[in-house]
Amino acid sequence: MSDIKSAREIAMEKVEKLGEATDEERLKWKYIPEGEKLAARYLKQDCNLVVELGQHQENVRKYIIEGAEDILVRNIN
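Per the numbering used here, the sequence shown runs over residues 1 to 77.
Just so you know, the hints here were simulated from the structure itself, not pulled from any lab data.
Treat the hints loosely; a few may be bogus.
[Said to hold, decoys possible] Label-pair restraints from in silico Cβ distances:
1. ILE10 to ASN77: 43 to 49 Å
2. GLU9 to ALA40: 37 to 43 Å
3. ALA40 to ILE4: 45 to 51 Å
4. LEU18 to HIS56: 27 to 33 Å
5. VAL51 to LEU18: 34 to 40 Å
6. HIS56 to ALA21: 16 to 22 Å
7. ASP23 to ASN77: 35 to 41 Å
8. GLN45 to ASP70: 16 to 22 Å
9. GLN57 to LEU18: 23 to 29 Å
10. LYS5 to GLY54: 49 to 55 Å
11. GLU24 to ASN75: 26 to 32 Å
12. ILE10 to GLU34: 32 to 38 Å
13. VAL50 to GLU25: 23 to 29 Å
[Claimed, not checked] With a straight-line Cα cutoff of 25 Å, these simulated SDA-like cross-link-like pairs (lysine to any residue) come out:
14. LYS5 to GLU16
15. LYS30 to GLN57
16. LYS62 to GLN45
17. LYS30 to VAL73
18. LYS28 to LEU18
19. LYS14 to LEU27
20. LYS62 to ILE32
21. LYS14 to GLU25
22. LYS28 to ASP70
23. LYS37 to GLU66
24. LYS28 to LYS62
25. LYS62 to CYS47
26. LYS62 to ASP46
27. LYS28 to ILE71
28. LYS30 to GLN55
29. LYS62 to ARG41
Cβ atoms here follow ideal geometry from the backbone N, Cα and C, with glycine treated the same way.
Start from the sequences and build out the full structure, keeping to the hints where you can.
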């Protein structure tokens, strides 16, 4: 009976196979939602996207833009 694994053990094995998240993945997880919030603010309050993007470092802007693009495209009527 010791051959039967619990659901927790199976899940932990799968997590181990995934490995550690890369720096790029972490940046995406953090800044894509920021871009989505920025786009929502733009649509509701008409903020200046260029100024807002300029407040962020260049290496994260692409993720912010990616998140903003998604929201803006969805809201095209």
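**Asked** Is LYS28 within 25 Å of ILE71, Cα to Cα?
**Response** 15 Å, holds
**Request:** Indicate whether the distance between the beta carbons of GLN45 and ASP70 respects the range 16 to 22 Å.
**Result:** At roughly 19 Å between Cβ atoms, ASP70 and GLN45 fall inside 16 to 22 Å, so the hint holds.
**Asked** Straight-line Cα separation of LYS30 and GLN55 no greater than 25 Å?
**Response** 16 Å, holds
**Asked** Taking 49 to 55 Å as the hint, is the beta-carbon distance of LYS5 and GLY54 inside that range?
**Response** Holds - the Cβ-Cβ distance for LYS5 and GLY54, about 52 Å, lies within 49 to 55 Å.
**Asked** Straight-line Cα separation of LYS5 and GLU16 no greater than 25 Å?
**Response** Holds, at about 16 Å.
**Asked** Taken at face value, is the distance from the CA of ARG41 to the CA of LYS62 at most 25 Å?
**Response** Between LYS62 and ARG41 the Cα gap is close to 18 Å, so the pair holds against 25 Å.
**Item:** Hint consistency between LYS28 and ASP70 [alpha-carbon to alpha-carbon, up to 25 Å]
**Value:** 14 Å, holds
**Asked** Within 43 to 49 Å or not, the Cβ separation of ILE10 and ASN77?
**Response** Check passed, 46 Å falls within 43 to 49 Å.
**Item:** 23 to 29 Å as the expected CB spacing between GLU25 and VAL50, which holds or is violated
**Value:** 27 Å, holds
**Request:** Could you see if the CB distance from GLN57 to LEU18 stays within 23 to 29 Å?
**Result:** 28 Å, holds
**Request:** Below or equal to 25 Å on CA atoms is what counts here, so check LYS62 against ASP46.
**Result:** 21 Å, holds
**Request:** Hint says 35 to 41 Å; check whether the CB-CB distance for ASP23 and ASN77 agrees.
**Result:** Distance hint for ASP23, ASN77 holds at roughly 38 Å.
In the structure shown, no violation is registered for any of the earlier numbered hints.
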